[in-house]
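Protein chains in written order, with the working numbering: chain V, 1 to 308; chain Y, 1 to 404; chain P, 1 to 295.
No lab work stands behind these hints, which were simulated from the structure alone. Glycine included, every Cβ here is placed at the ideal spot set by N, Cα and C. Certain hints may be false.
Said to hold, decoys possible - Taking CB as the label site, the calculated pair distances span:
no. : chain 1 : residue 1 : chain 2 : residue 2 : range
1   : V       : Val16     : P       : Tyr64     : 50 to 60 Å
2   : V       : His233    : P       : Trp70     : 44 to 54 Å
3   : V       : Leu15     : Y       : Lys70     : 50 to 60 Å
4   : Y       : Asp376    : P       : Asn139    : 48 to 58 Å
5   : P       : Lys41     : V       : Gly142    : 54 to 64 Å
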Amino acid sequence: MTINKSAVALVALGLVAPFILYPVFVMKVLCFALFACAFNLLLGYVGLLSFGHAAFLGTGGYITGYMMMEAGLTPELGILCGTAAAATLGAVYGKLAVKREGIYFAMVTLALSQLAFFVYLQAPFTGGEDGMQGVPRGHLFGLIDLSDNMNMYYFVFAIFLFGFWVVNRTIHSPFGQILKAIRENEPRAISLGYNVNDYKWAAFVISSALAGLAGSTKTLVFQLASLTDAHWHMSGEVVLMTLLGGMGTIFGPIVGAGAVVTIQNYLSGGELGNYIHIIMGLIFVVCVLAFRSGIVGEFNKFMKKNFS
Amino acid sequence: MKPMKKSLLTAAVATAFAVSGAQAAGISDDKVKIGVLADMGGVYADICGKGCVTAVEMAVEDFGGTVLGKPIEVISADDQNKADIGSAKVREWVESEGVDAVNGLVASSVTGAVTKVLTDNKKIALISTSASHAFTTKACSPYNAHWTYNVVALANGTVKPMLDAGKKKWFFITADYAFGHALEKVASGVINSNGGEVVGAVRAPLGTTDFSSYVLQAQASGADVVALANAGADFVNSLKTAAEFGLTETADVAGLLVFTHNAKALDPNIAGGMKLTTGFYWDMDDETRAWSKRFKDRHGSIPAMGQAGAYSMTMHYLNAIKEAGTDDGDAVMAVMKKNKPNDFFARNAELRADGRMVHDMYQVRIKKAEERSNEDDIFAIEQVIPGDKAFGPMMDQCNFLANK
Amino acid sequence: MATFLGINLFGLFGQLLVGLINGSFYALLSLGLAIIFGLLKIINFAQGALYMLGAFFAWMALNYMGINYWAALLFVPLAVGFIGILMERFLLRPIANEDHLYSLLLTFGLALILQGAFTHLYGSSGLSYAIPEELKGGNRLPFMYLPNYRAWIIVASIIVCAGTWYMIEKTKLGAYLRAGTENPQLMQAFGINVPLIVTLTFGFGVGLAGFAGVMAAPVYSVSPDMGSNMLIVVFAIVVIGGMGSIGGAILTGLGMGVVEGLTKYFYPEASTTVIFAVMVIVLLTKPAGLFGKEA
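For reference, chain V alone in the conformation it holds in the complex (with noise of 0.2 Å):
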């Protein structure tokens, strides 16, 4: 399959997804997948390894709940405002942590994010542990009713279409090009005169935007906003996702924020409720161990062996 007929696949499939599963289920999925994607254009095409995303989906979240509770925006002006937080923070935390490579790149968005967190602690905006509730999801324009679970829906999937456009627009511009440049060798990037700091700055400031953007959404769908969101778990999870799904690829980060969030609902329902903790911990290593390329990875490398 090519490129373009997955993604017209992908549109088919989240025009009809709502009447087949439970609508706030898929806009779940939606939100992390538009999240891993965010994340996927840094670690899978940059090459940078973030252990501090959570800080901007959380952002987003609380930004955006703040100015529908507070201010009373209409739902597109309060995601605006999350998103337009979230790439404020990303440009601040961007600059700081590009300077550094690998390992430390990690650990400074780690650190930073750590930073964030404990702000989102204290701030009595935010309700603390209590997060912040009962958020209104408004009337999209003035006019559409957004509580009906429907109308959300759309909205969600269209932003989720728009963010995903975005990320595809970014890798395929020169501009990716020359992050994938500067992944697969730096010195020689530099040595053609590419100010790679620069250019890995402008890619985190993108994707902490688009992160910003599904915190934003989430809050939007759920209706509140909560610590979990901005705490370093979520960074972790958002690894999860990308690396199940694929890193480096397209599809990869939807495939395995849809697989991740559908083990989560999954398990908290049944029986193996006690178990999500190590079932998470056996997908991991089995990844590792098994699936380097994550299932699309390895679904590609399976297409291309059998049937060209």
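Given the coordinates of chain V, assemble chains Y and P onto it according to the supplied hints.
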């Protein structure tokens, strides 16, 4: 993935029912469905978790398995202590599975989010293990029933008798999150209005491993009582450290929220003698022992107070459905508030208009090693605190019966 | 009481000493992590879970087999180290030539499994383990009461840390170790079994976590999540010290204990966050950490 593969039609019908509030008498979708939502595998798993599921199932069996000729079904889910997972699950339960009431409910953040969803859909929240008093005060709802205990009862039950005994100067080691803050605030109020004095407080981040620094600060304050406004592992670690640094010899240490399972996890030589407040203790009399034995045979350990509460409120809920002749949220809640709950758990009890279940609380003392006859022999009951003294007065705006 | 600028000096001394005690504990934990990274380039995210395992093994040894604290101090690190050896041999070796990221993810997964399994088996409330009879009680210093067990933590940690540092940096065995991991082919050619060295080093580093677990059991709640709370703090310490610097990990561990202790005194709410603030500052000013060599 059965729960999600509902056809559009069923989903639409279920939503329609939920929105209209199913005013018609009788049982909606021909069954009564109780969802149990709790942390099943995380830090709070022991104090509710699978034990709450067991307790609810026992209540349903004891009730006879059917009400008004319709079957009673129990389903459960793990909220992982995450408000978004919990509220999404409950939304799904209500919108597409026909759940009539949600039982369990532990972490206050989850309960806050879930009660909002339930109230929007006019379904009943049966809160067993949450500590916050918000659900019957600033976040009160005509569909909340808060059983077992809350921070007000804990503060009144533990703090007042110590003040009366002449312990006037207090120092707080508080968990730095919403529940710890609430506990400190309520307890400080009780102290200040009864002639006591708060000489200091430290806010320790959640999950602090080492409390020695805070214990030293408490020691330096010269307080008569050091109150631990924390729970779970934080409580165990802080008390252990207090004993190690000799704080327990110069001052009293009061645990403001201690579950039997936490007390069990402590060396009796350290914890022995400490006083605390609980809503239930298994070894109180023949009635509690009989039920607790049945529970232990099924679940493997003695019941925590919230687990006994989960049984009690399930029974009260089912009885109310029987009397109301319907599972409609408003009608059932009216009967629940009209009839006084009375069983091995609920003594001298009533479900107040604000949704607070007021019942006898118990000030207990942790037994020393030589007093214990077996591993479950943990508390000695010191005094019974009447419900109205423990839970305090009702807020006017939450008086849903009068405000109708 | 002695005061300076309105600060109670006795109180401050007490906080400094308590900070030092915690620091020696951090040093012990970060040492194992630093050895594993410094010599093997494996980022072991399971170190916290193995520390938890050490504490649980001590509890099980006492309650199921009647093995007391002192014997546990000897046997438990060996048992945990053996588990580490199995991990290295069967799980980490197959991915030894892949990106470091994978060892991080694999060990993160193992940590989840261990934590989940112990929650399932022993519940989440934790277990109690008494302070050994010989170390009960304490001494009254001019400015604070020092429990004997805390004094023992400092002594034991310093002995183990110093001994390990000496062994790796100063002895012939340590020289083989460093050479074997820096240039495996050459050492292999000299007839030294490099894979065996790698396995044993990993086992040793993990054994240190087990040792720390036994040390922790009498003073902290023995519970499944005790390791995950500790892990990222210890990780931050290793990074601040300079990944791979053994001495750096030890000194930074002690230093951060003191910094954290002072924060607990002046601004307790920030005490778990201060280490990350330090980490940001250090990494931005000294990229390889305080004691690390610039790559």
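Query - CB-CB spacing for tyrosine 64 of chain P and valine 16 of chain V relative to the 50 to 60 Å hint - result: Holds - the Cβ-Cβ distance for valine 16 of chain V and tyrosine 64 of chain P, about 57 Å, lies within 50 to 60 Å.
Query raised in the report: Does 44 to 54 Å hold as the CB distance between histidine 233 of chain V and tryptophan 70 of chain P, or does it fail?
Result: Violated, at about 37 Å.
Query raised in the report: Does 48 to 58 Å hold as the CB distance between aspartate 376 of chain Y and asparagine 139 of chain P, or does it fail?
Result: violated, 37 Å
Query raised in the report: Between leucine 15 of chain V and lysine 70 of chain Y, does the C-beta distance stay in 50 to 60 Å?
Result: violated, 38 Å
Query - Satisfaction of the hinted span 54 to 64 Å by the C-beta atoms belonging to lysine 41 of chain P and glycine 142 of chain V - result: holds, 57 Å
Hint violations for this structure: numbers 2, 3 and 4, all remaining hints satisfied.
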